[in-house]
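Chain by chain, the residues:
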Amino acid sequence: MRTLKRILPHAVLLTYIALILFPFVFVLFSSLKESNIEIAAHPFSPPTELYFKNYVEAWVKAKINVYFFNSLYLATTSAIVGVLLSAATAFAITRMKFIKMSKALYQFVLLGMLIPGNVLFIAQYILVMNLGILNTHWALFLPYTAGALPLSVLLISAFMKSIPNELEEAAIMDGLSSMGLFAKIVLPITMPALVTVFIVNFLGSWNEYLLANFFISKDALRTLPTGMVGFRDTFKTDYKLISTGIVFSVTPVLLLYAFLQEKIIEGVTAGSVKG
Amino acid sequence: MKKVLTLVLMLVVAASTVLAACGSDNKGNNGNATNQPGNTDAPATTAPTAEPEKVEPFSVSLRHIQIGESTKFRKAILDDVVKKTEDEIPGLTFELDGLEDQVNRFTKLPAEMAAGRPPIVFDLFGGAGDALKYAAAGRLLDLTPILEELGLSDRFLNLGQFTLDGKVYGLPIGGNTEGFYYNEVLFEKYGLKEPTTWEELELAAETLKSNGITPFAMGSKGAWVPLMLVNTLIGRYAGPEAIDGFPAGTQAWNAPEVVNALTKYEEWIKKGYFTKGELGYEYADMLNDFVSGKAGMMFDGSWRSSVFKDQEQAGELTGKVGFFAMPAVPGGKGDQTFVNGNYSNGYGFSAKANENELKAIKAFIKNLYNDEMQLRGLLEDGVLPSIKLSDEAIAKVDDRISTKVMNILGASGGAFSHYDSTVPSEVYSESESQIHKLIAGKATSQEVADALQKVQETANSRPAE
Amino acid sequence: MKQTLRNPAVYALFIIPTLALYCLFFIYPMITSSYYAFTDWNGLDNYKFIGLKNFADVFSDPDFRSAIVNNIIFILFAVFVQVPLIIIMAILIGSVKRLQGFYKTTVFIPSILSTAVIGILWGFIYHPEIGPLNTFLRLFGIENIYWLADEKWAMPAVLFVNAWQWMGFYIVIVLASILALPKELNEAAAIDGATGFQRAIYITVPLIKPIISVIMMLSIAGAMRVVDIVLVMTKGGPVGATEVMASYLVKEAMGVNPNYGLGTAISLIIFAFALILTALYQMSFGRSEKGDVS
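Protein chains in written order, with our numbering: chain A, 1206 to 1480; chain B, 390 to 854; chain C, 257 to 550.
Treat the hints loosely; a few may be bogus.
Using 30 Å as the maximum straight-line C-alpha spacing, the simulated BS3-like pairs for lysine-lysine come out as follows [claimed, not checked]:
id, chain 1, residue 1, chain 2, residue 2
1, B, Lys659, C, Lys408
2, B, Lys464, C, Lys491
3, B, Lys698, B, Lys777
4, B, Lys831, C, Lys408
5, B, Lys831, A, Lys1441
6, B, Lys748, B, Lys461
No lab work stands behind these hints: they were computed from the structure. Just so you know, these numbers come straight off a predicted model, no measurement behind them.
Same shape as in the complex, but just chain A (with noise of 0.2 Å):
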């Protein structure tokens, strides 16, 4: 009878964990078969055979790279530069001495939290397309960079309140100015929310497909998602490459996350119980 209570949990989250990962075996395993038919046939057995020529031709036939390479670049310097302007806002308000502004500035900033995604898209397609940036990177990574402002902001200011200001004095007393207090004191410290930060806004810009799909045309700048979905269109029917496609783009984030889901889930645990 104790045995199975102990066992029970271990049941039900061992089922759970089943549906969670059977998606990507199956990928796995139809990837590498031979035909539609023989998915059809077998779909839960292991391939009769390794049809590794059919990386090959996704490969080749889908450019994967080729968006990969945008997705990761795009994602890489919106979040970067969306936590450098914000560790630097975060900074102004809450360590320098303008309280006032900074209050209202940071009430105003806040206010874009309450802004679902999708509200914006038509009105910054318009946006976008006036200032004649339409279908370059710049009309993804203004947006990507704006919209990370407020979250990033919020983050990174609950963070820096919890600095200590004696820190500060003393610096302030061996002559730093406040550009060199930002960035040789404040800046380290903050680091773990930096990175929190950087992490959930890298993870919001590689997934999007909204703005993605409609503000980009040339198949050269498309991201992954969208890069996806063509794909997935063109060959429509062909699902061992389909699953192919699916297995290359999903391989790198599983790859990552291997290597920093401690930090990623740390990250963003942090982040939401702090907001």
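Based on these hints, arrange chains B and C on the given structure of chain A.
Structure of chains B and C alone, referenced to chain A:
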């Protein structure tokens, strides 16, 4: 240990980034290679070719819809035209952008037109909802002078859907007709002959159904697919004039004859003549259904015919597929020998093309719209020519389906186009959502007709802009 | 010393870029949305002011009304199905000693993947002929279910995938909260003879109320934002069974007949909805979040 792993990972990511960047760089370098001077190879007997002007390399964006297996022949033709044109114009590189047909026509291009920034060369559909709309807004290049220069002005069979106020704004790449493909093996098995009358068609459908074969393959996720059949039914029940009558206000969508067409479609839905679960199936799935022998007939356009002579795509059915036009319907209005005929898909060009781009455009048109390429399209791809070809050229066609199609067109009293090129966009969009409702059983044929008439009336009453 | 922290030049430098970007891409679009929503601009012609017509049109369209209903279904599903399951899973993971790290890491995985890829993946699994789900069901003699083509099943299918993607994210958050609780309470209760079940209900859950409130808010916000998964899997079909307000917006504004006026009007409606829901939620659960800087 963890730190080392992280470092390694960063290096891997950085390395792949660099490699990917190098990959895209190479493409750019290859483009410049076309800019080779030619005088070093001039044979001694001819006058040396003039020193080429120093030309800045430039690229011209080209949007096409030839992606995927089934359009590979068309893509091959496009590639050859692109190469030939690039060789002719120094400094030119075409930047090809392949997009799915519906996405280009209904999502990307309208948005790009609205932004005033379409590609320079792009796949374009004719008619009130597409080419004529953009031409009226000044987005399309007037091709009339180019056609005159190239001597093509009178050679096209039908430029109606691309002509506004006497000026031509697009060029159809070919013609097509929409009709029934049928599985000859299955028909023979069940003792059916190619239907020439309505009774024979419905007998074939019923026979197939009772033997567990889906009569008509259908993938209606993309509404345009079932609408092909709806259009031809309207052409039969309400007569060929109906198609132009809708926007002209002389034909009501909810007049009894049109409702009859919709009711017949509804009847077939209720009898289970279409693929089960069709609302979840795409155009490509419909082909699969037919090719795999699960369905005995398929209503589709003649552009599909090249699939059936390709072993890779048609499998066991290769060369065993027949084609027939929709027979006359009992009680149908108008000339029942008319067939559906469309010259509505081709290329358009941006009105914003600069001087270099214009050169490229002219050369592109010259290289694509000529007898050789048109014949190739017919022979390799089953696409009917949009330019008048000589009889001997046409005699070269050896594909059964293509020959049959041309015979059908030749024997017909005339052609009616698809209403998607005569009615304004909002009516077409409405028909898309209405056909889905009809298929899902959420609307009756009368309700569908009424809804369409309502939108048509609103559109017709708007003052011309 | 006060001087360094009062340097207006540095203050400006640190604030202005952020503000500029924020105003340009957040505030300005909000303003233009509010303007275009009252016009009939379709991108090609000159537009004219048409007052509330867009709003009237949209609310009288049964397809939009059913899209609103679908958004509400997402919210209800999130609040009444997902949240309880999340809490249960989090408590379960928190209660086991072995494999805890494994569980935590694995459930989180779907939430870091792109929604578009997940849509493609599950679209494949749901395929009536080739997909493993139907193959599995056929073993039990169940006929092919057209998951994404059948009106009855499309919405549940999409709801399930959405849950599959996001539950892990919330589970991890709640788990962190649970693990941060002082162990003594639980241990004391165990000594007093309370079962695991009782301890969960009477001790753990009340203590993590704040975080439950947070994930409810996030879930509701998430339900309002749903659009990627619908666009990729069903495009709102079949016949609008899975259409949500945002996908309806995309269809109207970015389709054949781009109607930016209508599109921005719908954006404002979504925004209003989100505000009302947030306000309602705050009022009924009273918890104000730590938003003040003071």
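Status of the hints after comparison with the structure:
1. B:Lys659 x C:Lys408: holds (18 Å)
2. B:Lys464 x C:Lys491: holds (28 Å)
3. B:Lys698 x B:Lys777: It holds: about 25 Å lies between the C-alpha atoms, which stays within 30 Å.
4. B:Lys831 x C:Lys408: Status holds; Cα separation ~13 Å.
5. B:Lys831 x A:Lys1441: Roughly 28 Å between the alpha carbons, so the hint for B:Lys831 and A:Lys1441 holds.
6. B:Lys748 x B:Lys461: Given that 30 Å is the threshold and the Cα spacing comes to 27 Å, the pair holds.
In summary, the structure agrees with every hint in the numbered list given earlier.
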